[in-house]
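Number of protein chains: 2
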Amino acid sequence: MKHVVTIRKKALAASDEHAQRLRERFAESATLVANLISSPGSGKTTLLEATARRLGDRLRLAVIEGDVATENDADRIRALGVPAHQILTGGACHLDARQIDGALEAADLLPADILVIENVGNLICPTTYDLGEDFKVALLSVTEGDDKPVKYPAIFSRADVTVVTKADLLPHVPFDLDAVKSSVASLNPAGTLIVVSSTTGDGIEDWCRLLTDRLEAKRRS
Amino acid sequence: MKHVVTIRKKALAASDEHAQRLRERFAESATLVANLISSPGSGKTTLLEATARRLGDRLRLAVIEGDVATENDADRIRALGVPAHQILTGGACHLDARQIDGALEAADLLPADILVIENVGNLICPTTYDLGEDFKVALLSVTEGDDKPVKYPAIFSRADVTVVTKADLLPHVPFDLDAVKSSVASLNPAGTLIVVSSTTGDGIEDWCRLLTDRLEAKRRS
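Protein chains in written order, with my numbering: chain C, 99 to 319; chain E, 99 to 319.
It cannot be assumed that every hint is accurate.
[Claimed, not checked] Short derived list, chain C residues pointing at chain E, Cβ under 8 angstroms:
{"#": "1", "residue": "K107"}
{"#": "2", "residue": "C191"}
{"#": "3", "residue": "T241"}
Read the hints as simulated data drawn from the structure, not as lab findings. Being a predicted model, the structure only gives us computed values, none of them experimental. Just so it is clear, CB atoms sit at the ideal spot from N, CA and C, and this is done for glycine as well.
My request is simple: use the sequences and hints to build the entire structure.
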């Protein structure tokens, strides 16, 4: 197992160097980059659709989709006029920096104001992989249960932003929103938590304002 | 990367040998073993609670819980009088046969009629790991969306049984049950699909009958 650990550490170090080069490239194009991470079916693509509808007219958006199989998610984003590139990972449970580089080579995504990377649906594996993003976003749908931050602490500690999704279903499921706010605040005191429903539109403005505020801050810095 | 692949293959082969020994041990104790796999928050533990309430009086049940962090799930099962052992994987995204062996050593789980292993919440990593089980069960909650079988084909091809959970939420979410039945049947023609709601109890009898039928069949064979 020692060999595996050593090789894994080397692979992660190479990946981090790659991520640093991506970060420089995104700085040159003044592109804000968010890395979306959640369980399968938490509503990442649906949130991106709502984001494209609200911001697509005034900002240049671009999306990189990561999935084990199918081009479905990229097709959904392209249908809204936003350029999207689909990465198919085969069996792999996360994206890495090299794949992001490949996506930028393969598709005309830059220059863009905001690039969103939708990671593979997985609450564990993507956590430690730096994709050159400005910040990670963890999504948690109210149907998944309010125990998820304490059961998957790594991602909720590392994500600058937690988005609680599917808030329209709150009347139908047992989900203690205050408990989630409290556990996320405890894991990540500097983090931001937003509650949205892509179905009713509630909270989408807050999410989009967070993106535009961060874009402005990046361009001022 | 060649080294990583070789080491991974060797590790998988060792794990498969380990799984084979577990399978022999489960045959000796005439224990039916199911390996539950799903996204975080699909309702694995809640289904086990409903199972314990229905079968706990007449069968010896036992549970092994796999989680990245917290003893919460094992506590929920023990509260119903069913012996449960919690495996904490740290950062790892799946259980392996060695850990199951360790759980059997650490806790008085056998002899049992039915042992259910609740894998780490993850729709990708646990797919290829043999835990000595009789069959894998994939859970999919209706809130995750009807596209999940085609987006995560490996697990839905390999799981003998697919359990569609949270059926009580069907009126509130866009989920085409017929499309899911069709895609699972296409990925896994010999598979069985059951629709349940652990909240209303719908379908729980079908699920429990599947377990008891398979237990009888194993003991006859």
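Status of the hints after comparison with the structure:
1. K107: Violated - the Cβ of C:K107 stays beyond 8 angstroms from chain E, reaching only about 12 angstroms at its closest.
2. C191: 4 angstroms, holds
3. T241: With a minimum Cβ separation of about 4 angstroms from chain E (threshold 8 angstroms), the hint on C:T241 holds.
Of the numbered hints stated above, the single one contradicted by the structure is hint 1.
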